[in-house]
Amino acid sequence: MSEVFSSEVFLAYSTYSTIVLLKMLLMGPLTGYFRVTRKVFANPEDAKAHGAKDEESKKVYLRTDPYVERVRRCHQNDLENIVPFVGIGLLYALSGPDLNTALMHFRIFVASRIFHSIAYLVPLPQPSRGLSWIVGMGVTFSMAYRVLKAGVHL
Amino acid sequence: MSEVFSSEVFLAYSTYSTIVLLKMLLMGPLTGYFRVTRKVFANPEDAKAHGAKDEESKKVYLRTDPYVERVRRCHQNDLENIVPFVGIGLLYALSGPDLNTALMHFRIFVASRIFHSIAYLVPLPQPSRGLSWIVGMGVTFSMAYRVLKAGVHL
Amino acid sequence: MSEVFSSEVFLAYSTYSTIVLLKMLLMGPLTGYFRVTRKVFANPEDAKAHGAKDEESKKVYLRTDPYVERVRRCHQNDLENIVPFVGIGLLYALSGPDLNTALMHFRIFVASRIFHSIAYLVPLPQPSRGLSWIVGMGVTFSMAYRVLKAGVHL
Chain A
1 MSEVFSSEVF LAYSTYSTIV LLKMLLMGPL TGYFRVTRKV FANPEDAKAH GAKDEESKKV
61 YLRTDPYVER VRRCHQNDLE NIVPFVGIGL LYALSGPDLN TALMHFRIFV ASRIFHSIAY
121 LVPLPQPSRG LSWIVGMGVT FSMAYRVLKA GVHL
Chain B
1 MSEVFSSEVF LAYSTYSTIV LLKMLLMGPL TGYFRVTRKV FANPEDAKAH GAKDEESKKV
61 YLRTDPYVER VRRCHQNDLE NIVPFVGIGL LYALSGPDLN TALMHFRIFV ASRIFHSIAY
121 LVPLPQPSRG LSWIVGMGVT FSMAYRVLKA GVHL
Chain C
1 MSEVFSSEVF LAYSTYSTIV LLKMLLMGPL TGYFRVTRKV FANPEDAKAH GAKDEESKKV
61 YLRTDPYVER VRRCHQNDLE NIVPFVGIGL LYALSGPDLN TALMHFRIFV ASRIFHSIAY
121 LVPLPQPSRG LSWIVGMGVT FSMAYRVLKA GVHL
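Residue numbers (my numbering), protein chains in the order written: chain A, 1 to 154; chain B, 1 to 154; chain C, 1 to 154.
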């Protein structure tokens with residue numbers, strides 16, 4: 001096993017970034033679930049595979065649905081926010097932070113993103129979703145500050 | 001050169017993740033190709049640059065096209081699936097897996113994503129695209145399981 | 001601190017990829033700014049939180065706006081191009097490149113992406129945006145070539 005895995009901070013990064021990447025990945029099957037159960041498809045071949053026999057019913061199934069669009073926006077927000085966390089978080093974990101400070105960053109970020117998805121999908125009234133989005137971004141900015149403080153080469 | 005590059009598993013990760021990231025990146029020029037050849041643009045300045053002389057023809061070029069939208073969905077699916085592979089795959093490569101097991105994971109993933117794009121763009125009848133999507137996700141989940149089994153710090 | 005941070009090339013990668021990931025992350029608040037100031041929302045709960053008192057005004061606020069869509073396309077283009085840079089750039093930084101060559105790659109990429117966003121948001125006439133997009137992709141391809149040349153395991 002690589003030496004980097006013997007560092008507790010790196011192990012914490014590995015654990016939390018794996019969890020949050022799997023959470024993001026699962027938004028795909030969730031979208032698929034609502035597409036299939038609500039018969040809302042983007043591709044004619046998908047409509048055909050889920051019971052559209054003729055051209056008429058294909059057209060009926062090729063539509064948008066407010067809730068499917070909501071799940072897709074939630075997925076997109078994950079991409080926009082989790083990708084910077086994973087990239088900057090790796091550099092942060094390698095920059096030698098204090099273990100407890102690092103754990104605090106990782107835990108707050110992952111909790112904020114799980115809450116964000118719940119707030120988006122229920123949906124909960126605002127500002128619950130907006131606040132969890134800002135908290136997650138704040139964690140990424142705080143890690144970026146520490147990375148740049150640990151060393152810059154422009 | 002960094003020591004990590006002397007590890008065969010890391011070299012395999014480096015090779016396959018570079019290939020699959022380039023494949024994803026090339027979806028951009030492919031979208032551009034269909035936008036230009038079909039005269040389907042999202043921005044007025046693009047329509048102007050590709051021959052829309054007056055306001056009337058600009059409006060004609062600012063439209064959506066079913067095939068351009070298909071290429072864009074294919075690109076989006078790459079983002080949703082290749083990003084978690086690259087992130088979790090890095091941790092997996094550092095977690096000290098058996099070389100042959102790692103190669104099997106990387107090869108199946110890259111093959112499944114190339115097949116997924118072919119199935120999306122031809123398009124092939126379902127469930128060919130759906131199955132290749134599930135196979136790719138299965139690889140990422142299998143790597144994530146190994147990463148978490150190698151060590152967790154919550 | 002990790003040994004990898006004592007490498008000047010890795011420090012340069014860390015600096016530039018942090019900057020470009022933060023730049024991408026900031027597209028989110030920028031979209032939010034235009035949504036709030038123009039009263040253009042995608043979710044009913046957001047419309048309600050920003051002053052839509054009844055069902056009638058909610059419907060008015062739930063719309064698309066050409067400039068908000070432009071900001072969102074700019075953000076999406078960042079995701080499509082910055083993610084491959086960060087992934088391939090990490091492997092490139094670990095492959096032992098010459099420091100000055102690496103700095104040239106990182107500087108051109110980050111400059112091209114900042115110019116790309118300006119060209120998209122002003123907007124500047126084409127081909128300014130198109131050229132900056134191609135330059136950024138060229139940097140990523142050049143780094144990928146170097147990664148694969150440094151070692152391949154298929």
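Among the hints, a few may not be true.
Identical chains blur together in the list; that is why a pair holds if it fits in one copy or across any two.
To be verified - No farther apart than 27 Å at their CA atoms in a straight line, the calculated lysine-lysine pairs in the BS3-like style are these:
#1 K149 <-> K59
#2 K59 <-> K39
#3 K149 <-> K39
#4 K23 <-> K149
None of these hints come from the bench; they were simulated from the model. From a predicted model like this one, the values you see are computed outputs, not experimental measurements.
Here's how the hints hold up against the structure:
1. Proximity of K149 and K59 under a CA criterion of 27 Å is satisfied in neither setting, with 56 Å inside one chain copy and 47 Å between copies.
2. For the identical chains of this complex, K59 and K39 are neighbours both inside a copy (11 Å) and across copies (25 Å), given an alpha-carbon limit of 27 Å.
3. When the C-alpha separation of K149 and K39 is checked against a cutoff of 27 Å, the pair qualifies neither within a copy, at 51 Å, nor between copies, at 38 Å.
4. For the identical chains of this complex, K23 and K149 are inter-copy neighbours only, at 18 Å across copies versus 30 Å inside a copy, given an alpha-carbon limit of 27 Å.
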